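Enquirer: We have chain A already, so just place chain B on it with the hints.
Protein chains in written order, with our numbering: chain A, 1 to 741; chain B, 1 to 102.
These are calculated hints, taken from the structure and not from any lab test.
None of the hints are false.
Label pairs and their calculated CB-CB ranges:
| id | chain 1 | residue 1 | chain 2 | residue 2 | range |
| --- | --- | --- | --- | --- | --- |
| 1 | A | His-6 | B | Phe-66 | 45 to 55 angstroms |
| 2 | B | Leu-19 | A | Ser-702 | 45 to 55 angstroms |
| 3 | B | Ile-68 | A | Ser-702 | 52 to 62 angstroms |
The structure displayed is predicted, hence computed values, not measured ones.
Idealized CB from N, CA, C, for every residue including glycine.
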Amino acid sequence: MWLLEHAYLIPLIPAASFLLILFVGKRMPYKGAEIGIAALGICFVMALGTNWQWRTYVNDAEHAAEVKAGEDHADEGSAGSGPESEHSEEGLADGEAASAVVVASATAPTATELEFEVEPVRASWTWWQSGDVQFNVGMLLDGPAVMMLFVVTLISLLVHVYSTDYVGGDRRYTHYFAFLSLFSASMLGLIMSENTLQLLMCWELVGLCSFALIGHWWEEKPNSDAALKAFITNRVGDVGLICGVIILFFAAGGTFDIVTINEMAVNGDIDHLVLLVASCSLMAAVMSKSGQFVLHTWLPDAMAGPTPVSALIHAATMVVAGIYMVARLYGVFFEGFSIGTSSINPLAVIGAITVIGGAGLAFVQNDIKKVLAYSTVSQLGYMAMALGVGAWTAALFHLFTHAMFKAGLFLGSGSVAHSVHSFDMKEHMGGMRKFMPKTFVTFMICTAALIGLFPLAGFWSKDEILAGADQLGGSGGYTAFMVVGLIGAFMTAAYMTRCIYLTFFGEPHGHAADKEHPPHESGPRIVIPLYILSGLAIVAGFANLPKTGFLLEKLPSGSTLRFEHYFEPKGAYFPAVLDTFSHPQFNGYIALGSTFIGLAGIGLAYAWYWKGMGPQGLTSRSRLARAGHTALVEKYYLDKLYTDIIVGGVKGPIARAVYWFNQKGIDGVINGAGATAVKSGKFVYERIDQGVVDTIVNASGSAAGGSGQSLRKMQTGRVQQYAALLFAGAAILAGIFMIVI
Amino acid sequence: MDDLLLNQFLLLGAVLFCLGVYGVLARRNAVLVLMSIELILNAVSINLIAFGAFWGTISGAVFALFVIAIAAAEVGVGLAIVLLIYRNRRSVDLDDMAEMKG
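Same shape as in the complex, but just chain A:
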């Protein structure tokens, strides 16, 4: 278990690599890229090892719990105590049936699986101490942290390899890799954060790195603007995070410790109103960092950065930080928003709005990366919605699968853009499938995974979210959110089909049609990461195969719900211990329905774009349709609201009002004060200054001069004379001393 206990080394490796690249990178043969790749390679291997040891750790805990349960049953001394001792992983169902027969008391496990606790692996050091309050820094390694370690190191490693080709020859090549390392380090630090203060610190570091990387090509004004926008929009949410952290600190009795805060929240030791306020504050941070409506506007602009950075931001590091933070402090949110008992709450509502809003915007984008960016916004909405309805595992599982196929999509779009030197699908792409067959295949696989076609990754995770929305919640449940999710699935299928049509089918335009320099397939350093990611996009969904529904019941229990089994925290600090928390069951009809809806979306988009069916040119005929289209192109006027109304409101009328007040009010006072000051100054100068003060100053000056003249005679410059005076003084003092004593 060495790796598990020393997993805090994983963030330290890229942090060291950041410094190393910064100082010696330029002198290395590959300009520092090899340091970054080596560091992330080591991290990835360590993360794999940590995952393996975590698996053993959970199995051990489960085994210990089984043995204990067996003993308990034996102690009760009921008849037929034989079968229980045969409790084993494979025979869970049998054992359960037996226990139900034998012990029909309240202590019998009523859940489908044996309940057991898994202590998180922890390590912490005192960062500094102020009075009684200790500020720690350390690691808290439990299921979600271990899972994220794998995701972040994998995506980051692939992005590193991809970048060596994609930004090869760039003028700030070395700095680019340095910041990639720091980005990975801060995200890994955030994942392991043991307390909210460390989380806040890493959160800010992530924001800083995204700023640096989005503005990588800052010579062009739009790029540096986009970087600033990302940074400043995130600041808005960060204020919420700081407020939330402070509220939780005081609510939990002066501790930043995440486990303690969660435990107190779950136990009901913190007042519900306090938790509600804290959750709302923290939600502002989620909205900005994870691109939820209405603070999502920075995310599409962040496409100004190099494409591998976009992949990193959208799949592994930046935007999932908000989702992860909610997952981490789920006790607070679960209690604060009463997720288990209500049928509507702010988190789910914001998530639902984001699902639809983001998907709608993806329809009108001509920039392939912006389509994917809005798609990310929409998918993050799914995750927030899943957390909002109480489907914790579904949210994290979707995060996991989404990381694979979205990174694949971004890197694929980068591969296309690398060859046609543009991101514009309408101007410079089209028919790319002939030129770039490998990129085309991987892009198609990842798209199918995103749409949620059986049996790819997105199918399993999206349906788990939909099942959660269908089954969870208190009176009435969250069924409305399931409908939103289905509409989102339809829109996702349609806009991705449009994107694929414009990029890979149809006639080539612009650079893609250039006969002298026809587009060509990218090199192995770009294609191999694509293969790996599309391969994962196929298989990642099998990590959490449902246990019930259709033929799935035939699967051995050791192969289903593995994700939930290993990565969901089991302990008093996670709301799973509450009665109101439950796990949704797979629902075959929802799965069929969502697949059908996805296919319908594809079919409709196919008919529209390939066959030219439907009311084409509607926007030029119908005013309503045109208004809708314009609203989408203008991104629901949110940017206008921010720049023209809020910022403009401050700059324009308020500035004019301040100017008026300045001229009339303050200037009058200042002028009056000035005139008075001049008059009184004249009086003071003539009477007091010239008369009184000057005399005193002159007199003291001449007195000093005279005494100096008389004293300078003593300064003969002869050291011996000084010594004689010294001795005389000492003798006199000694004499006085003698007389006095």
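Expert: Below, chain B without anything else, positioned relative to chain A:
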């Protein structure tokens, strides 16, 4: 050690001290002034040893050792300064050195 013997040592120290002070104040040769400073320091050392012996502790002798060491260092620096002065002015007469005159 009784009071009488202590008084004799103190007297010796006082005489040496006065000789030293006279030398520092009256001599015009810088080397002799340095030697007189050594006399003053030795007078102090005698006092320290005498008192140390009188109270029966070793600390007086230890202090005296430190004084000797520091005196050696001080005379090293002093002689170096005198040597430089001599090289510059071909004289070590202290009366000629009145640059500090105000």
